[in-house]
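Novice: Chains A and B, in that order, give the protein sequences.
If you count by the working numbering, then the first sequence holds residues 1 to 200, one letter each, in order.
If you count by the working numbering, then the second sequence holds residues 1001 to 1205, one letter each, in order.
Please keep in mind that the hints were generated in silico from the structure rather than gathered at the bench.
Every residue, glycine too, gets a C-beta built ideally from N, C-alpha and C.
Treat the hints with care, as some may be off.
[Said to hold, decoys possible] With beta-carbon atoms standing in for the labels, derived distance ranges:
hint, chain 1, residue 1, chain 2, residue 2, range
1, B, R1017, A, P169, 25 to 33 angstroms
2, B, A1186, A, E182, 35 to 43 angstroms
3, B, G1084, A, D59, 48 to 56 angstroms
4, B, Q1166, A, Q41, 32 to 40 angstroms
5, B, P1104, A, T172, 53 to 61 angstroms
[What the hints assert, rightly or not] List of simulated lysine-lysine pairs, BS3-like, C-alpha gap at most 27 angstroms:
hint, chain 1, residue 1, chain 2, residue 2
6, A, K152, B, K1144
7, B, K1144, B, K1127
8, B, K1026, A, K122
9, A, K51, A, K179
10, A, K86, A, K179
11, A, K152, A, K86
12, A, K51, A, K86
13, B, K1144, A, K122
14, B, K1010, B, K1144
15, B, K1026, A, K51
16, A, K86, B, K1127
17, B, K1010, B, K1127
18, A, K86, A, K122
19, B, K1010, A, K152
20, A, K51, A, K122
21, A, K51, B, K1127
22, A, K51, A, K6
23, B, K1083, A, K6
24, A, K152, B, K1026
[Said to hold, decoys possible] Not the full set, but computed from the structure, chain A residues with beta-carbon under 10 angstroms of chain B:
hint, residue
25, V11
26, V15
27, K122
28, Q133
29, S134
30, T160
31, R175
32, P176
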Amino acid sequence: MPDEVKAPAPVERRVAALEQAFEERNLIPAGFIDDFAHIAQEDWVPVNGAKVVARAWTDPDFRRRLLENGKAAVMELGFTMPEHHKHLVVLENTPSLQNVICCTLCSCTAFTIIGLPPGWYKDFEYRSRVARQSRTVLREMGLDLPDEVEIKVWDTTTDTRYMVLPVQPPETVGRPEDKLAEIVTKESMIGVARLEPPYR
Amino acid sequence: MDGVHDLGGKQGFGPVRCASSRTAFKAAWEPRANALYSLGVRLGLINMDEYRHSIERMEPRHYLSASYYERSLTGFTTLCVEKGIVSQEELERLAEGLFPLSLPSAEGRLNAMPRESFAVGDRVRVKNEFVSGHVRMPGYIRGKWGVVVGISPPYPFPDASAHNLQSQDERPYDVSFRTEDLWPQAADQATVHVGVFESYLERAR
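Chain B extracted, bound-state conformation:
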């Protein structure tokens, strides 16, 4: 989905506040929230893709104003409610106040069929696709050309896995893009490498 979480290349944000928070946890509730989510993974209640998508589905104003661990809590709790493990009413009673959750999901999708395999050195193009469910293609590479520089082992296909659809595991490729191709005349010169699933790619012609 083209959500506010897809921040790469967005303009308007100021300097990185590197001194502000060097420690992993700033408050006692943060490791507890992190532990609950981790327990959810360990118990098999959720997978990583649906977890990431549950955070992306937060109402945009809430997403942008919440801290990292509040986003984690909101996403994980949304999944617990959607799966019937707990109810929002019970949580709001226990919290003695509102417990805002993420918005409902759009539909997922299966792997592209057929797909092409690529080798290191191949020139590829990211398909010009718009996906309303979960996708791990940052918007800044959509439709762009790059070169394969690495190949990872197969992973569950996020677009399906986040929606609990059965799919084939597939390989992501580390694809190198030039910033002058991504943001012509409006970026520092560099290469940006993105892990791109096979289904998102086509051979550059």
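Okay, chain A solo, but in the shape it has when bound:
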């Protein structure tokens, strides 16, 4: 008789089992799990990147520093990146150039700056198709680029991180920095959307 194939324990019970095993070894500092969940949901948010973008739109010197050394520039604004993310490359979109970021091998992002990746970024559809069928995938996601717009895809295969600096909508020039930050979306910093009215 073949061995009976048993189903795995539900994943939440597996997580709880590992957590309990760690607890029994006193490996978990008090409050660590809840604090981490809070940080992940409250601190690693796209509002950070939106503030970086708004500053770059309104301060040409900052924009230059951001494009030269992204990590140093975001740290000026008080944002942090994990130690192993040694470098942040900021990719400047123009009316005739669309940069798009992805991670085909896993799901790497500059999560402390542009937020934890959305579900679709980690899904196999985006990972498998965006490098090879960029224009088609962008169109399916609602961004129908004219043929004359060049597309550059950036595959995050090392601990260097990338973010897209979206084009500032012309009608928003002159607005205060904090109002500009409100219109910048996570999708625009991944490069699968451009910023157009109506703004979120």
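Keeping the supplied structure of chain A fixed, place chain B upon it in accordance with the hints.
Specialist: The following block gives chain B in isolation, referenced to the frame of chain A:
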């Protein structure tokens, strides 16, 4: 390794389901799983390269059917078992059911010796190498020509670091490839930029 995780350019997947999950976490266990892995990094139990490789080593059917955070949990737990921090039996007793882990690792490898350094603008070729351990060269660039457009600071060499082998840190280069070179007549026209470690590259002749 040429695993199912190496998805770039694979055909057959449908449209991106962008509306399906916009939030970072969908269930209460997901940030807890993420926190445990993060604690493992913070305590120095694991490095990022062995973590990524532990996920790639998942049994392919499990990899393809698991969610992102289940993959993270499976990889991290595999490393905890392999390092003797916990045992699979204990975890299965606590979980009151099976706790599937990743499959064993093949051997790692050291940096290429000697290696060439490159400058922005150099035309390079990705070596035609097949690596059974961890590697951060997506299969779609193997043997392909591209142009260096950026240089990153040195990082631990993933092929060694994922297997806890001592190695030299080395620089990855952002290399620009044309999709018509990667998938002739079967891709949208664009350039694809990949971070490629020095050991994976040779000068295009």
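Novice: Kindly confirm whether 48 to 56 angstroms is satisfied by the beta carbon distance between B:G1084 and A:D59.
Specialist: 52 angstroms, holds
Novice: With chain B as the partner, please determine if A:R175 meets the hint condition of a C-beta pair closer than 10 angstroms.
Specialist: With a closest approach of 26 angstroms, the A:R175 hint is violated.
Novice: Against the 27 angstroms threshold, does the CA-CA distance of A:K86 and A:K122 hold or violate the hint?
Specialist: This hinted pair holds, its Cα atoms lying about 22 angstroms apart.
Novice: CA of B:K1026 to CA of A:K51, is that 27 angstroms or under?
Specialist: 26 angstroms, holds
Novice: Below or equal to 27 angstroms on CA atoms is what counts here, so check B:K1083 against A:K6.
Specialist: 26 angstroms, holds
Novice: What's the verdict on A:K86 and B:K1127, does the C-alpha distance respect the 27 angstroms limit or exceed it?
Specialist: 25 angstroms, holds
Novice: A:K152 and A:K86 were given as a pair; does the straight-line alpha-carbon distance stay at or below 27 angstroms?
Specialist: The hint holds at about 22 angstroms.
Novice: Please test the hint of 53 to 61 angstroms on the beta carbon pair from B:P1104 and A:T172.
Specialist: 55 angstroms, holds
Novice: Tell me if the straight-line CA distance from A:K51 to A:K86 falls inside 27 angstroms.
Specialist: The given pair, whose Cα atoms are some 21 angstroms apart, holds under the 27 angstroms limit.
Novice: B:K1144 and B:K1127 were given as a pair; does the straight-line alpha-carbon distance stay at or below 27 angstroms?
Specialist: It holds: about 8 angstroms lies between the C-alpha atoms, which stays within 27 angstroms.
Novice: 32 to 40 angstroms was suggested as the range; check whether the CB atoms of B:Q1166 and A:Q41 agree with it.
Specialist: With a Cβ separation near 38 angstroms, B:Q1166 and A:Q41 satisfy 32 to 40 angstroms, so the hint holds.
Novice: Interface hint check: A:P176, Cβ to nearest Cβ on chain B, cutoff 10 angstroms. Holds or violated?
Specialist: It is violated, given that the least Cβ distance between A:P176 and chain B is near 27 angstroms, above 10 angstroms.
Consistency note: the structure conflicts with the earlier hints numbered 10, 21, 22, 24, 31 and 32.
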